[in-house]
Amino acid sequence: MGDSFEILILDDESIVGQRLKSALEKEGYDVEVFVRSNEAATRLEEKTFDIVVTDIRMEGMDGIQLLEKVKLKSPETKVIIITGYASMDLAREAASKGAFDFIAKPFRIGTMRDKIMKAAKALENERAAVRN
Amino acid sequence: MKIYRSPMEKILDKQQRDEVISNPKEPLRTLLRKVSFTLSKWTDGLRKLFKH
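Chains A and B, in that order, are what the protein sequence lines are. Under our numbering, the residues of the first sequence are numbered 1 to 132, in order. Under our numbering, the residues of the second sequence are numbered 1 to 52, in order.
One or more hints might be untrue.
Claimed, not checked - Going by beta-carbon spacing under 8 Å, a handful of chain B positions derived as facing chain A:
| id | residue |
| --- | --- |
| 1 | R5 |
| 2 | E9 |
| 3 | S22 |
| 4 | N23 |
| 5 | S40 |
Stated by the list, open to error - Some chain A residues near chain B, calculated using beta-carbon distances under 10 Å:
| id | residue |
| --- | --- |
| 6 | I15 |
| 7 | V16 |
| 8 | R19 |
| 9 | K26 |
| 10 | T83 |
| 11 | S87 |
| 12 | L90 |
| 13 | G110 |
| 14 | A120 |
| 15 | K121 |
| 16 | A122 |
| 17 | L123 |
Simulated from the structure, these hints should not be mistaken for lab results. Built from N, CA and C at the ideal position, the CB exists for glycine as well.
Use the sequences and the hints to build the structure in full.
See below:
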């Protein structure tokens, strides 16, 4: 299952992307990591990713704006929000704009791996439903 | 279920699963905000439960 899914990770703290990339590539996913939202946005214009993991508070385009941009271009892409500034209002806003999941930092890498697996499973089911 | 080639691989995998991702600049504040968010979620959940 893992090697057919492409993931984009955006977090302005480089260590976050590095640690997640290492963990997710071990599971067989293809992972691209960005620390600048404008660079991630450019990449998202060039390529459709299966799953996008994004922080919220960043310089330039924030995570909610990126979520909207992703869903506009490819509604099937699963977007997971990660944030150190979690609040119920933010969680509701992310959900209303189509986020697949919302994770408050700090979190364990194992939690993220499980969420990614859940997103990948949801995508597989959706694609199977379309084929049938 | 994941198959491990050796006990060491299992240990290393568990270590990686347990590794915590946080905001390296202010880890304590990030943790406190998460606690506050978690409490809000529980309160919200209870409110919805009693509403029904």
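Once the shortest beta carbon distance from T83/A to chain B is found, is it less than 10 Å? holds (9 Å)
Take the shortest C-beta to C-beta distance between R19/A and chain B; is it under 10 Å? holds (6 Å)
Is the shortest C-beta separation between S22/B and chain A less than 8 Å? Hint holds; S22/B Cβ to chain A Cβ min 4 Å, cut 8 Å.
Report holds or violated for the interface hint on I15/A, using the least CB-CB distance to chain B and a cut-off of 10 Å. holds (6 Å)
Would you check whether S87/A satisfies its interface hint, that is, whether its CB is within less than 10 Å of any CB in chain B? holds (6 Å)
Would you check whether R5/B satisfies its interface hint, that is, whether its CB is within less than 8 Å of any CB in chain A? Cβ of R5/B sits 13 Å from chain A, so the hint is violated.
Can A122/A be said to touch chain B, with a Cβ gap under 10 Å? violated (21 Å)
For the hint on N23/B, does the least C-beta distance to chain A fall short of 8 Å? Nearest chain A Cβ about 4 Å off; hint holds.
Holds or violated: is there a CB of chain A closer than 8 Å to the CB of S40/B? Holds. Min distance 5 Å.
Holds or violated: is there a CB of chain B closer than 10 Å to the CB of V16/A? holds (6 Å)
Satisfaction of the A120/A interface hint, Cβ to chain B closer than 10 Å: With a closest approach of 15 Å, the A120/A hint is violated.
Please verify that hint: L90/A, Cβ, nearest Cβ of chain B, below 10 Å or not. Holds - the Cβ of L90/A comes within 10 Å of chain B, reaching about 9 Å at its closest.
Hints 1, 2, 14, 15, 16, 17 from the earlier list are contradicted by this structure; the remaining hints agree with it.
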